[in-house]
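These protein sequence lines are chains W and C, in that order.
Heads up: the first sequence runs through residues 1 to 387, numbered per UniProt numbering.
Heads up: the second sequence runs through residues 1 to 387, numbered per UniProt numbering.
Keep in mind that the hints were calculated from the coordinates and are not lab data.
Hints should not be assumed to be uniformly reliable.
Copies of the same chain look alike in the list, so a pair counts if it works inside one copy or between any two.
Straight line, CA to CA, 16 Å or less: simulated EDC-like cross-link-like pairs of lysine to aspartate or glutamate [claimed, not checked]:
hint: 1; residue 1: K172; residue 2: E108
hint: 2; residue 1: K214; residue 2: E364
hint: 3; residue 1: K173; residue 2: D111
hint: 4; residue 1: K172; residue 2: D111
hint: 5; residue 1: K173; residue 2: E108
hint: 6; residue 1: K25; residue 2: E193
Number of protein chains: 2
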Amino acid sequence: MFEDFLSPISSEFQVPYRYTVQFTKGIFHLTNPSLRNFLISEQKEGAIKKALVVLDEGLTLHYPNLMTEIKTYFQGFDSVVQLTGNIMVIPGGEECKNNPILWESLVEAVDTYGIDRHSYIVAIGGGAILDLVGYVAAVSHRGIRLIRIPTTVLSQNDSGVGVKNSINHQGKKNFLGTFAPPVAVFNDLQFLESLDDRDWRSGMAEAIKVSLIKDKDFFHWIESNGYFLQSRNLEKMSYLIHRCAELHIDHIANGDPFEFGSSRPLDFGHWAAHKLEYLTKFSLRHGEAVAIGMALDTVYSYQKDFLPKEDKDRILSLLKKLGFVIYHPELSANAKENLYLGLQEFREHLGGRLTITLLAGIGEPREIHEIDLKILAQSVDFLETYV
Amino acid sequence: MFEDFLSPISSEFQVPYRYTVQFTKGIFHLTNPSLRNFLISEQKEGAIKKALVVLDEGLTLHYPNLMTEIKTYFQGFDSVVQLTGNIMVIPGGEECKNNPILWESLVEAVDTYGIDRHSYIVAIGGGAILDLVGYVAAVSHRGIRLIRIPTTVLSQNDSGVGVKNSINHQGKKNFLGTFAPPVAVFNDLQFLESLDDRDWRSGMAEAIKVSLIKDKDFFHWIESNGYFLQSRNLEKMSYLIHRCAELHIDHIANGDPFEFGSSRPLDFGHWAAHKLEYLTKFSLRHGEAVAIGMALDTVYSYQKDFLPKEDKDRILSLLKKLGFVIYHPELSANAKENLYLGLQEFREHLGGRLTITLLAGIGEPREIHEIDLKILAQSVDFLETYV
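Model the full assembly from the supplied sequences, consistent with the hints where possible.
Given below as structure tokens:
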């Protein structure tokens, strides 16, 4: 048969990515060179680039002059990059990822303002806004250059410095999304002052998570600085964010950036957290749910005899010291059916074999592939009565 | 200031991709090992994978037993991969990329059938269906493994073996989409028999394009085999598809796969083609529009003294020999305003500086950055009267 002579054609290539996370304060102060220098460094002959700025509504309430500052800042180099007519102000928080009209209006803005693949979308806000705007940028014209300016602890140390985006769909968190690295990230520490106590605190959950599975010394540092962290010391928080972001980026760059493989060990404490967020209709912040999820997996690791008692105690004690509540009534109410369903959904979202990260010690992850529901229920009981 | 001590964090990595395009006939015949062997080679312990098959409606009319064949084929190895309950049958052609309800129903199927990141979506059909289904696969759960079974000349030699997907949005072709390589492609030559003459012919346009900018010898081969190709010789067509696919894949793998740079030299003849497709409300097939676009850019190249007369004549003559019409009244009607608008949109979609590929000879591309509208109008006039 003649098709035997048509040999298979192999396509094999690597796609290179590179971006830098810079730390700064007051990024839109006229004298702050960070963003301006980046944009000028990217200048190419032949075309002035455009930038569409999308801003978290909450920030405009806290910083009434912010929009004017942004416009004035960009005027300083409008021969290189021009701001589109309007800055888009959208409501932040998880709810924005549930809103198809918001998504549509952002895509429409890309069209209206003629934002092309070499122009920029600049997203300023918390993790939810960065996820939503990142997804719009990733799929419009098959990918517009995204600059992230995360403004919360959580987005500065975790989601905002990584490579993912998403929106919720079909009632499932992050059902639609892509892997699409930004071209640059600017962590502006000044914005952290605008956070309420809950957001300040809950962002630390990812730092504890990454310390537990990657860096024992970092866990010790967090322990030693617990008082400063919970009393809103910006210098200590900045170090926590920097180290957490560094570990997160190291994990991405030296691992499996687009998660083609089956395990995702960074997701310690997350399977129950995702489910709890839904069960509580997002009245729990992501970090608050992760703290509970970590407490649960910590106790489960102890009950399974993986984790020594003193490590379990230190972890629970640190969570409480930082002000986290480590139990929620929905855990008991749903210990059997719904938590198990959460496991199934978690497996489905990741795909392939169920892989959960537990702990064999602080800084020592251990992967397992099934959960003993009886011990899980005992762990929930333990947390309910833990003081 | 303490933030000075928070050094920038650099994230740098490469994402590896690998897939093979296999050529076969009768892929769902029980004795055909291609697809089965691929799926078995990917088997991992711990989970049976699922496959959601999406099928071009036109094929079910031409091959009434196809759905049964597919089901029977998969039954042969259902301990490895299980077909989801229903094969989804959807209408093909460009119209399917305009239909948000179709898009939504595919995303819903991913959810309903619990297709995870390690399961498969198998898309069987022409370029439009592959684009639509590929986009659904790319953004559901941040990317489900996509197997493409292209069934037209055009999709087998070009879009179906490449790395893009898209849907139309806001009245703009391919406005939403991503770069997302498939995990495997199977070109089943038997499906080509189902094509009507227009689709058989129009698919050759991309082969002529790639020969003109990449491979003079291939152009000569097409010239020498023009009679066989236009009289539907399957063996010659198979060679044309194989060589075109090979050149296309080589361009992707050894170039800039996700098009981060500014030029896209494979798009010879395409800027006018995209606009013509819209102006004719898609009554022109993509390949038919590309043939006109190539004729226009060929004559323009000649009028600008880039391209020798004999090369211009050979190109136009080959297009006509294969049965292409190389002029459309919409060209004259819109020579000034709308074609110019097309150029702007083309630039916007690619982003950055306008870069158009013209010809300095057969197999010799030349990039230019502006179009002389007067000469463009002359080129249109030339084509109108060309016999």
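Hints and how they fare:
no., hint, result
1, K172 with E108, "between (24 Å within a copy, 11 Å between copies)"
2, K214 with E364, "within (7 Å within a copy, 54 Å between copies)"
3, K173 with D111, "between (27 Å within a copy, 12 Å between copies)"
4, K172 with D111, "between (28 Å within a copy, 9 Å between copies)"
5, K173 with E108, "between (24 Å within a copy, 14 Å between copies)"
6, K25 with E193, "within (11 Å within a copy, 65 Å between copies)"
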